[in-house]
Amino acid sequence: MNFEPIVLGFLCQQSGDLCADFAGMEQKTYAPNFLPIKLPCLGGLDTIYLLKAYFLGSDGVLVLGCPEGHCKHKKGNEIAQRRVQAFQSLLEVLGIGKDRLDLALIHSSEISRLIKMIDGFIERVAKLGPSPLIQSNLTSKKREASEGLYWLEQFKKCDHCYQCKEVCPICFCKRCYIGSLPNFAIAWLAHVMERCTGCGRCEDACPQGIRLFDIIQLLRQKFLTLGPLFSQKEGKKEEKIIQI
Amino acid sequence: MGKKIGVYICHCGTNIAGTVDCSELGRFAATLPEVSVSRDYRYLCSDPGQDLIKKDIRELSIDRVVVAACSPRMHETTFRNAISSEGLNPYFLNIANIREQCSWVHKDRERATEKAKHIVQAAVARVTHHESLEARRVEIKPSVLVVGAGIAGIQAALTIANEGTKVSLIEKAPYIGGHMAQLDKTFPTLDCASCIFTPKTVEVARNKNIELFVYSEVINVKGYVGNFVVTIKKHPTHVDPIRCTGCGDCVGACLLKKGVPSEFEERMAMRRAIYIPFPQAVPLKAVIDRESCLFLSRGKCKKTCVDACKAGAIDFDQKEEVIEKEVGSIIIATGYDPFDPHLLPQYGYGVYENIITGLQFERLSSPSGPTQGEILLKDGTVPKSIAFLHCIGSRDENAKLHCSRVCCMASMKQAHLAKEKTGAEIYEFYIDINAFGKGYQEFYKRVREEGIYFIRGKGSEIFKRDGRLVVEAEDTLLGTPVEIPVDMAVLGTGLTPHRDAEKVAQVFGISQSADGFFMEAHPKLRPVSTNVDGIFLAGCCQGPKDIPDTVAQASAAAAEAISLVAQGQVEVEATTSSIDPEICAGCKLCIEVCPYSAIEFLNLKGISVVNEALCKGCGACTAVCPSKAARQKHFTQDQVLAEVEGMIT
Numbered sequence: 001m002n003f004e005p006i007v008l009g010f011l012c013q014q015s016g017d018l019c020a021d022f023a024g025m026e027q028k029t030y031a032p033n034f035l036p037i038k039l040p041c042l043g044g045l046d047t048i049y050l051l052k053a054y055f056l057g058s059d060g061v062l063v064l065g066c067p068e069g070h071c072k073h074k075k076g077n078e079i080a081q082r083r084v085q086a087f088q089s090l091l092e093v094l095g096i097g098k099d100r101l102d103l104a105l106i107h108s109s110e111i112s113r114l115i116k117m118i119d120g121f122i123e124r125v126a127k128l129g130p131s132p133l134i135q136s137n138l139t140s141k142k143r144e145a146s147e148g149l150y151w152l153e154q155f156k157k158c159d160h161c162y163q164c165k166e167v168c169p170i171c172f173c174k175r176c177y178i179g180s181l182p183n184f185a186i187a188w189l190a191h192v193m194e195r196c197t198g199c200g201r202c203e204d205a206c207p208q209g210i211r212l213f214d215i216i217q218l219l220r221q222k223f224l225t226l227g228p229l230f231s232q233k234e235g236k237k238e239e240k241i242i243q244i
Numbered sequence: 001m002g003k004k005i006g007v008y009i010c011h012c013g014t015n016i017a018g019t020v021d022c023s024e025l026g027r028f029a030a031t032l033p034e035v036s037v038s039r040d041y042r043y044l045c046s047d048p049g050q051d052l053i054k055k056d057i058r059e060l061s062i063d064r065v066v067v068a069a070c071s072p073r074m075h076e077t078t079f080r081n082a083i084s085s086e087g088l089n090p091y092f093l094n095i096a097n098i099r100e101q102c103s104w105v106h107k108d109r110e111r112a113t114e115k116a117k118h119i120v121q122a123a124v125a126r127v128t129h130h131e132s133l134e135a136r137r138v139e140i141k142p143s144v145l146v147v148g149a150g151i152a153g154i155q156a157a158l159t160i161a162n163e164g165t166k167v168s169l170i171e172k173a174p175y176i177g178g179h180m181a182q183l184d185k186t187f188p189t190l191d192c193a194s195c196i197f198t199p200k201t202v203e204v205a206r207n208k209n210i211e212l213f214v215y216s217e218v219i220n221v222k223g224y225v226g227n228f229v230v231t232i233k234k235h236p237t238h239v240d241p242i243r244c245t246g247c248g249d250c251v252g253a254c255l256l257k258k259g260v261p262s263e264f265e266e267r268m269a270m271r272r273a274i275y276i277p278f279p280q281a282v283p284l285k286a287v288i289d290r291e292s293c294l295f296l297s298r299g300k301c302k303k304t305c306v307d308a309c310k311a312g313a314i315d316f317d318q319k320e321e322v323i324e325k326e327v328g329s330i331i332i333a334t335g336y337d338p339f340d341p342h343l344l345p346q347y348g349y350g351v352y353e354n355i356i357t358g359l360q361f362e363r364l365s366s367p368s369g370p371t372q373g374e375i376l377l378k379d380g381t382v383p384k385s386i387a388f389l390h391c392i393g394s395r396d397e398n399a400k401l402h403c404s405r406v407c408c409m410a411s412m413k414q415a416h417l418a419k420e421k422t423g424a425e426i427y428e429f430y431i432d433i434n435a436f437g438k439g440y441q442e443f444y445k446r447v448r449e450e451g452i453y454f455i456r457g458k459g460s461e462i463f464k465r466d467g468r469l470v471v472e473a474e475d476t477l478l479g480t481p482v483e484i485p486v487d488m489a490v491l492g493t494g495l496t497p498h499r500d501a502e503k504v505a506q507v508f509g510i511s512q513s514a515d516g517f518f519m520e521a522h523p524k525l526r527p528v529s530t531n532v533d534g535i536f537l538a539g540c541c542q543g544p545k546d547i548p549d550t551v552a553q554a555s556a557a558a559a560e561a562i563s564l565v566a567q568g569q570v571e572v573e574a575t576t577s578s579i580d581p582e583i584c585a586g587c588k589l590c591i592e593v594c595p596y597s598a599i600e601f602l603n604l605k606g607i608s609v610v611n612e613a614l615c616k617g618c619g620a621c622t623a624v625c626p627s628k629a630a631r632q633k634h635f636t637q638d639q640v641l642a643e644v645e646g647m648i649t
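Taken in sequence, the protein lines are chains A and B. The working numbering puts the first sequence at residues 1 to 244. The working numbering puts the second sequence at residues 1 to 649.
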């Protein structure tokens, strides 16, 4: 039997979700293992949602949003594009494969393109096979190390001591949304990776010796092409510098 | 305390039950945590269906409701009203879309049922996290903005103004009327376009409730339904509209003797730098074109127009004005552009003389046009044979795929006029004749009986042989290629989206279909609304239309706008964001991503706050907030995470 992947969809209410409704009205068919979730705008596509999807056993995630320049909320699709690219880097470094995440920008009227997108993506994920994140079963430490998944093996060591979170200078949430996820270290990494200052305290603090600093360096190199996350410049604001 | 969730599964006749096993789904739903009742019913949206839910709320004290049925776009409001009539907060409802996104798109019954289970499980998981929310009510400003003053905009503006509501009518050109003002006669009744149209344009100028802005553009739109703030840029005409009497003395005095091609005459005639577009123009005021005026473009002119104007209306120092207007709703009627036949070089447009577009033919045929209504060739002689080519730029994979709807009838009307005026041999090259309207088929029959040759085959090329134009086509009825020498060829150019459509879409935040026309909220049931509440569409900006359809749609849009104003208040979604001041660390990332500048930074407290009146609920701040202080109502992290969990497991 062919492998049937579980593919989760995050659909923008203005384009992807509307287009999926139109596809229904026209009674077009696509693979039933595509599970849609509606968002008001892709600007609200949180990294946590993606993390949770992969941790719970999704083999792929397809994000569908408005074409460039057509976002109802002006730049939600651009924000999502950047976030998806950053997350793809993480998937690639971890050995899960960046092809398991895709963002497609479509008009709500492009029904046949939507169907092609969904079926094409499911086919692509089916070829990749089940997600290694699920296979390697991060929560149990019994499974043998498999080749090419060095980092996943590293992260398996995480025993939720939250030391990395405690020492991180940019991690300051009162209530931790990711604490309950199956693997804290990966979730935490995804949460802070783009804002990381590169101080390296997390690696020093980790009692299990997960090489957090090294993987962050790898990721940061990939992020270079994405452009800055903040518009703020480094250093002190000019008006705050007192001239002597 | 546990929630009491009621799950209701709709069969929708066989629409859902045909592919999804509803009773199996019902049994599955009953096993889900916190579900106290699960029922399936043939048509939940019917009164007995709604009563089923209401009864359970009353008798079983259900406090959360999941309805597995069609898209929330269809009946979310229906069911919200139903549960709120029983005193339950309307936001305690969650719709699981198992029709459009499940039963209608999958064929395999077993797998469709499996997917429906996932969707219902996700909806149940999500609804436990729903919070009681109050829909906000906002006042509606009792005025309407109409963008574009062609027949659609004028019809809409007049309908609204007659009801007593204030209208601001914006037109980009220096006169109103749009393309209809250029037409000679209208099919199928052969009414003279200006005879039926001029009374309307004059009424626009006279009506006290209409404020007319010509030579103006909307450059920015802020706000939301009921409370739009529109910024209008009024270009300088350099003629004081109050003093100008429209006498035309200045036009004769203009030193630009050579002239520039007139836009109104479709480049069939020349105009001066100062000009009155056409004799029936409203407003009948002269206008100076900045680009061709010798003084304004080069700074060198004796300004003879100033001397000629006895009213002293010409003012070269006039500056552009920026005006802000507050309106309750907006009607977009920006119209179309005719297809540019330069893009299909096989038709020789612009290469050979006497190949003209349909609109150019209208000007030739119009009694107020460059030839006073005579159909003449460039050299002034009467043509002995004329070819009309249908579907230039429409129904063409190399140009536009859509049918422009009006060109068949327009071409046949022009053929009739040409036959009547010149007695020439007329050839119509067509793919199919789309004579869809009232009296149209009869008109087609009448034209055929007038001795006009109909050749079923699209004109493929126009070239010159022995000094004459030759139209090449394949006669698909005879199955043979034909070449017909003619004196004049008229290209039935299609209707394409306005060249500024993309800009307009961005300014107003509305979307475009794949063909570039503006998109309606629902192709069947909401054809004049857009995806932005309070913005409506009229006329060809939404898709090609003939005049009766345009007038009908414009009246419909006006009715929608009036009904909104008459309500006085409107409910807006409660899905705004808020920032928890206890958690916010003041990193300002949310301020950077907010597209509506709805978040402010309080310097004193060192935190950011959301202005809920400006927030439109896109959720960008919630995703970017590193400490998750920002949360969007009805799309909180808890709710979406629960949905993800329910969907996958």
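Derived by calculation from the structure, the hints in this document are not laboratory data. The structure displayed is predicted, hence computed values, not measured ones. Idealized CB from N, CA, C, for every residue including glycine. A hint or two may mislead.
[As the list claims (entries may be wrong)] What the simulated footprint calls covered on chain B by chain A, stretch by stretch (three residues with Cβ under 8 Å from a Cβ of chain A suffice, anywhere in the stretch; the number is not a length): (1) 16-28; (2) 169-183; (3) 463-477; (4) 570-583; (5) 607-615; (6) 619-629.
[Said to hold, decoys possible] As a list, the in silico BS3-like pairs of lysine-lysine whose alpha-carbon atoms are at most 25 Å apart: (7) B:Lys325 with B:Lys222; (8) B:Lys588 with A:Lys74; (9) A:Lys38 with B:Lys605; (10) A:Lys174 with B:Lys464; (11) B:Lys464 with B:Lys222; (12) A:Lys165 with A:Lys38; (13) B:Lys172 with B:Lys107; (14) B:Lys234 with A:Lys28; (15) B:Lys233 with B:Lys141; (16) B:Lys3 with A:Lys38; (17) A:Lys116 with B:Lys233; (18) A:Lys38 with B:Lys233; (19) B:Lys588 with A:Lys75; (20) B:Lys107 with A:Lys127; (21) B:Lys141 with A:Lys28; (22) B:Lys3 with A:Lys165; (23) A:Lys28 with B:Lys107; (24) A:Lys75 with B:Lys200; (25) A:Lys74 with B:Lys503; (26) A:Lys38 with B:Lys107; (27) B:Lys54 with A:Lys74; (28) B:Lys222 with B:Lys200; (29) B:Lys185 with B:Lys4; (30) A:Lys74 with B:Lys378; (31) B:Lys302 with B:Lys233; (32) B:Lys107 with A:Lys74; (33) B:Lys222 with A:Lys75.
[As the list claims (entries may be wrong)] With beta-carbon atoms standing in for the labels, derived distance ranges: (34) A:Thr197 with B:Asp580: 52 to 62 Å; (35) B:Glu600 with A:Gln85: 43 to 53 Å; (36) A:Thr197 with B:Arg58: 50 to 60 Å; (37) B:Ser84 with A:Cys161: 25 to 35 Å; (38) A:Arg201 with B:Glu592: 18 to 28 Å; (39) B:Ile219 with A:Gln85: 51 to 61 Å; (40) B:Asp580 with A:Gly120: 36 to 46 Å.
Per-stretch coverage check for the segment 16-28 of chain B, three Cβ contacts closer than 8 Å to chain A: violated (count 0)
Decide if the proposed pair is consistent with the structure: lysine 54 of chain B and lysine 74 of chain A, CA atoms, cutoff 25 Å inclusive. Roughly 40 Å between the alpha carbons, so the hint for lysine 54 of chain B and lysine 74 of chain A is violated.
At the C-beta level, are threonine 197 of chain A and arginine 58 of chain B separated by a distance inside 50 to 60 Å? For arginine 58 of chain B against threonine 197 of chain A, whose Cβ atoms are near 58 Å apart, the range 50 to 60 Å holds.
Has the given pair, lysine 107 of chain B with lysine 74 of chain A, been kept, meaning a C-alpha gap of at most 25 Å? 37 Å, violated
When you check the alpha-carbon spacing of lysine 165 of chain A and lysine 38 of chain A, does it fall within 25 Å? 31 Å, violated
Please check whether the segment 619-629 of chain B has three or more residues whose CB lies within less than 8 Å of a CB on chain A. holds (count 8)
Hinted pair, alpha-carbon criterion (25 Å max): lysine 28 of chain A, lysine 107 of chain B. Please report holds or violated. 10 Å, holds
Pair hint lysine 74 of chain A and lysine 503 of chain B, alpha-carbon separation not exceeding 25 Å: 13 Å, holds
Under 8 Å between beta-carbons, do enough residues of the segment 169-183 of chain B, three at least, approach chain A for the coverage claim to hold? violated (count 0)
For the pair we were handed, lysine 325 of chain B and lysine 222 of chain B, check the Cα-Cα distance against 25 Å. 10 Å, holds
Within 25 Å, alpha carbon to alpha carbon, are lysine 107 of chain B and lysine 127 of chain A? 23 Å, holds
Quickly compare the C-alpha distance for lysine 222 of chain B and lysine 200 of chain B to 25 Å and report which way the hint goes. 31 Å, violated
Checked against the numbered hints given earlier, this structure breaks hints 1, 2, 3, 5, 9, 10, 11, 12, 13, 14, 17, 18, 21, 22, 24, 27, 28, 29, 30, 31, 32, 34, 35, 37 and 39; the rest are met.
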